[in-house]
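Protein chains: 2
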Amino acid sequence: MNSPRIILLAHGSSDKRWCETFEQLAQPTLKAVDNARIAYMELAEPSMDTVIAQGVAEGARSFTIVPLFLAAGRHLRKDVPAMIEELERAHGTSIHLAPPIGENPLLGQAIRDVVMLQLEQTPS
Amino acid sequence: MNSPRIILLAHGSSDKRWCETFEQLAQPTLKAVDNARIAYMELAEPSMDTVIAQGVAEGARSFTIVPLFLAAGRHLRKDVPAMIEELERAHGTSIHLAPPIGENPLLGQAIRDVVMLQLEQTPS
Numbered sequence: 585m586n587s588p589r590i591i592l593l594a595h596g597s598s599d600k601r602w603c604e605t606f607e608q609l610a611q612p613t614l615k616a617v618d619n620a621r622i623a624y625m626e627l628a629e630p631s632m633d634t635v636i637a638q639g640v641a642e643g644a645r646s647f648t649i650v651p652l653f654l655a656a657g658r659h660l661r662k663d664v665p666a667m668i669e670e671l672e673r674a675h676g677t678s679i680h681l682a683p684p685i686g687e688n689p690l691l692g693q694a695i696r697d698v699v700m701l702q703l704e705q706t707p708s
Numbered sequence: 585m586n587s588p589r590i591i592l593l594a595h596g597s598s599d600k601r602w603c604e605t606f607e608q609l610a611q612p613t614l615k616a617v618d619n620a621r622i623a624y625m626e627l628a629e630p631s632m633d634t635v636i637a638q639g640v641a642e643g644a645r646s647f648t649i650v651p652l653f654l655a656a657g658r659h660l661r662k663d664v665p666a667m668i669e670e671l672e673r674a675h676g677t678s679i680h681l682a683p684p685i686g687e688n689p690l691l692g693q694a695i696r697d698v699v700m701l702q703l704e705q706t707p708s
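Protein chains in written order, with my numbering: chain V, 585 to 708; chain C, 585 to 708.
Among the hints, a few may not be true.
Heads up, the list lumps identical chains together, so a pair's fine if it works in one copy or across two of them.
[Unchecked claim] Subject to a maximum C-alpha distance of 20 Å in a straight line, what follows is the list of computed EDC-like cross-link-like pairs (lysine to aspartate or glutamate): (1) Lys600 with Glu669; (2) Lys600 with Glu704; (3) Lys600 with Asp697; (4) Lys662 with Glu672; (5) Lys600 with Asp618; (6) Lys615 with Glu672; (7) Lys662 with Asp697; (8) Lys662 with Glu642; (9) Lys615 with Glu687.
Worth flagging that the hints you see were computed from the coordinates, not collected in a lab.
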């Protein structure tokens, strides 16, 4: 249990359809990575607090939060780091905040592939 | 000039770093697709209005907007469709709104790949 537990962090919304899209987005990761979880920053459950409490109870010593955000705005520059500091104190654990997924070049390539598919499907 | 011109639509922000991330995300698509452009919904330039006016001046007859959003919230369900209706009227053109990129399974696969890379880089 020494490798950090992965938490995919989505913004959260009171709109269930919005959360369902993120749950779909998370599926391939949840299947591929042991003990990975999705958590929401606000407006939906499970929260980071819930997921970290559960992980600590199961023996996890550290966590890596991967933001399901395309870019870093105020949330990732200010709100989430402040929440992490508080969560580390509350749960006595170590939490690493990874860059938002959109900063990895793989995302730009996936976007290109989506657009190419889109072009095949759009009637001229 | 009969195939629709692709517009990658990002939310926009007054934070230049935020827009730079989206410009990086758009690069592979802009390289692969003739006449594709990025546009911002608000708070940054170029706007959809600017990009569509330019496209129409260059002879484009229709546009497909691909939202660089992971999921559809209020913006994509209400604000953008209303803006599109207005833009179609103002420019006498046809604009198709594609689903947000996050609804395509390719994105979930890219997220898994990003997380796998992340795991290799995180110290245990």
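Do the hints match the structure? See the list:
When the C-alpha separation of Lys600 and Glu669 is checked against a cutoff of 20 Å, the pair qualifies neither within a copy, at 29 Å, nor between copies, at 26 Å. When the C-alpha separation of Lys600 and Glu704 is checked against a cutoff of 20 Å, the pair qualifies neither within a copy, at 30 Å, nor between copies, at 33 Å. In this assembly of identical chains, the alpha carbons of Lys600 and Asp697 never lie at most 20 Å apart, being 27 Å within a copy and 26 Å across copies at closest. Taking the closest pair of Cα atoms, Lys662 and Glu672 come within 20 Å of each other only inside a single copy of the chain (16 Å); across copies the shortest separation is 39 Å, beyond that limit.
In the homo-oligomer, the alpha carbons of Lys600 and Asp618 never lie at most 20 Å apart, since the shortest distance is 26 Å inside one protomer and 37 Å across protomers. In this assembly of identical chains, Lys615 and Glu672 lie within 20 Å of each other by CA distance neither inside one copy nor across copies; the values are 27 Å within and 43 Å between. Taking the shortest alpha-carbon separations for Lys662 and Asp697, neither the intra-copy value of 32 Å nor the inter-copy value of 26 Å comes in at or below 20 Å. For the identical chains of this complex, Lys662 and Glu642 are neighbours neither inside a copy (29 Å) nor across copies (43 Å), given an alpha-carbon limit of 20 Å.
For a Cα distance limit of 20 Å, the shortest separation of Lys615 from Glu687 across copies, 18 Å, qualifies, whereas the shortest one inside one copy, 23 Å, does not.
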